[in-house]
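S.K.: The residues making up each chain are set out below.
There are 2 protein chains.
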Amino acid sequence: MGPWGKRDSMIIHQAEPYNAETSRAALAGHMLTPLDVFYGRNHGPIPEIDPGSWRLTVDGLVRNQLELSLADLQARYPHRTLTATLQCAGNRRAGLMEIRDIPGEAPWGPGATSTAQWAGVSLADVLETAAVEPAAGHVAFAAPDMALDAEPPQTFGSSIGLRKALAGEVLLAWAMNGEQLPAAHGAPVRVVVPGYIGARSVKWLQRITVQEQPSENYFQAVAYRLLPPGADPDSAGPGAGLALGAIAVNADILRPDGSTVLPAGPTEIAGYAFAGDDRGIARVDVSADNGASWIQAELYESDGPWAWQLWRTVLDLPPGESLITARAWDTAAAVQPESAAELWNPKGYVNNSWARMRVCLR
Amino acid sequence: MGPWGKRDSMIIHQAEPYNAETSRAALAGHMLTPLDVFYGRNHGPIPEIDPGSWRLTVDGLVRNQLELSLADLQARYPHRTLTATLQCAGNRRAGLMEIRDIPGEAPWGPGATSTAQWAGVSLADVLETAAVEPAAGHVAFAAPDMALDAEPPQTFGSSIGLRKALAGEVLLAWAMNGEQLPAAHGAPVRVVVPGYIGARSVKWLQRITVQEQPSENYFQAVAYRLLPPGADPDSAGPGAGLALGAIAVNADILRPDGSTVLPAGPTEIAGYAFAGDDRGIARVDVSADNGASWIQAELYESDGPWAWQLWRTVLDLPPGESLITARAWDTAAAVQPESAAELWNPKGYVNNSWARMRVCLR
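Order-wise, the sequence lines are chains D and U.
Going by my numbering, the first residue of the first sequence is number 1, and it counts up by one from there.
Going by my numbering, the first residue of the second sequence is number 1001, and it counts up by one from there.
Quick caveat, the hints were computed from the structure, so don't treat them as lab data.
Beta carbons are placed, not taken as given, at the ideal position from N, Cα and C, and that holds for glycine.
One or more of the hints may lead you astray.
[Unchecked claim] Over 12 Å on every C-beta distance to chain U, these chain D residues come out as not near it, computed from the model:
1. Gln117
2. Ala119
3. Glu133
4. Ile197
5. Gly241
6. Pro263
[What the hints assert, rightly or not] Quick list of the computed label-pair ranges, beta carbon to beta carbon:
7. U:Pro1047 with D:Arg163: 33 to 43 Å
8. U:Arg1063 with D:Arg63: 25 to 35 Å
9. D:Pro319 with U:Tyr1300: 30 to 40 Å
10. U:Asp1232 with D:Pro78: 17 to 27 Å
11. D:Thr260 with U:Asp1059: 55 to 65 Å
12. D:Asp149 with U:Pro1103: 49 to 59 Å
13. U:Ser1235 with D:Gly29: 27 to 37 Å
14. D:Pro319 with U:Val1261: 50 to 60 Å
So here's chain D without its partners, still in its complex pose:
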């Protein structure tokens, strides 16, 4: 058994670099995803970093350049703990690939998302001691993991706007679910940008650079961008389309997971819903007739504004095949779009169409 533990709870899309999503069964009903089944999305090999010699540089448009050890970070700033869901921009891409193939991209199902309780310090507190200059507009993160799929090959990086960076909820985290952050999830310190696509939460953080413009790293300037359906991603170039950040309202069904034939009758339907940034989940609708009629699912108790919303309901299902549909509404009254066909895009990001699950009952 490798560092990932229970491999039967993971769907492994790629062994090296390691890319694996959590099974529906392992996600269902748990506010926090156990470390050994938390999804992993990597563009390069997982670095092993000695926490004792690790240093974090804070530079760019700051009055005070900083170089911080892990001990400095832990001693100088107040500790913050929050529950946050991470979600890959490619989560549920398989639904787009059913419409039209997306060569070279992994067919992620609904498990490229997981939730943990993170502990660390607030990026805003660190930036306060660095004293951000007035010209600052973005905060870039750099890491040592070499991404061979970048053009040209380069280490991974991202950036977020200054407003988000100063909002308080962005963490530099060294712990996950009360345990020391594992190497696979970014030890000794990773960024956690609650409500944004996972790619902005840079693992194995080494450098924070305050700058006027967004990062020119491949994964900010070229990849993780929503392009129009007709665009050619290979020739689109830096800056084309929308750089993904805050996450649109999304949901999927985790129970039943379609793996077994269930007895007909009252059947528990359960899943997750999530909306990024300041939006929460207001309502989850479930339908047994493909959206002709809906009932409202029960929402579990929330674990704060940055955590997904678990939900459940019970439908009385007849023998034979049933199609279960679910859709979530966020607190801005945005609802998931009905059809994945309308959402197809060349890199296969942000499939937030209605969740559908075919189940067989006896």
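On the provided structure of chain D, position chain U as indicated by the hints.
M.R.: Relative to the frame of chain D, chain U by itself:
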């Protein structure tokens, strides 16, 4: 001619209380909507308040209760100017009423929205001098306009969450497009909550109360709430459904406006798009074949994060009837849903389905 000026640019839904939307022609191509055609949504008669005797009370969970004259407000706090779009939660309701009637509600078209440059002080600055107590969660606004459609009849009020209230962009405004705020738009001082439904931007502001819970005013607790399609709004009671706040991505077509037969050939298609809170507009798609294919519209220069996004493109249209469709994507990659049928709700709020315009060409 009344205080509204060019009445032919307004579509008047109700004379008393005054409810009127701006025509497509008057909105098209203007970043700022002229004062005399800025939409008006009122639940009671427009109060005439003497600015010299006006006082603003700030109370509730604050260490320092304040009573401020207009001169105090203007002298004690830094002046702030920003361009913000206001949009009624019922904007584009007519599209929902085509699906199923919504008795007692006005059939607003796409003109229950307008944009102005507002000047005033930041609510955050006022709250800083009031010193908000730790138990605070919401900031309530109260005004003197008596709403006879409330149950029981009461003056208008609303509230917003503390995080939004402290974010800096919420203004207590006394000027609009460089002119003194007109009585019809809330003189001497109104709230402007950028990115939220217009109902939260309370006109004729008299009292700001910091409190633990949202306002119990009818327009916060009962009206302006998104209910499931099957709910009975008359028996839903306080707290049912989603209290509308931040605005979901929306757009409509302003040119052509369907009022005249145009010559066939290259035809300008233009409109607005808007997404509330921290979201901007990333892309606007336009289709001449009901969504089978889309082209990307040109986006006008932005007037900041709280202003709508104007857009235009040119389509080569044949003689006869054409159906033009438009849809916007926000910076969280949320897109407008295709069908108004999926969005129908008992009070007719938040119709953000694709914009459609039938045009006739010769």
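S.K.: Tell me, which hint numbers fail for this structure?
M.R.: 4, 5, 9 and 10
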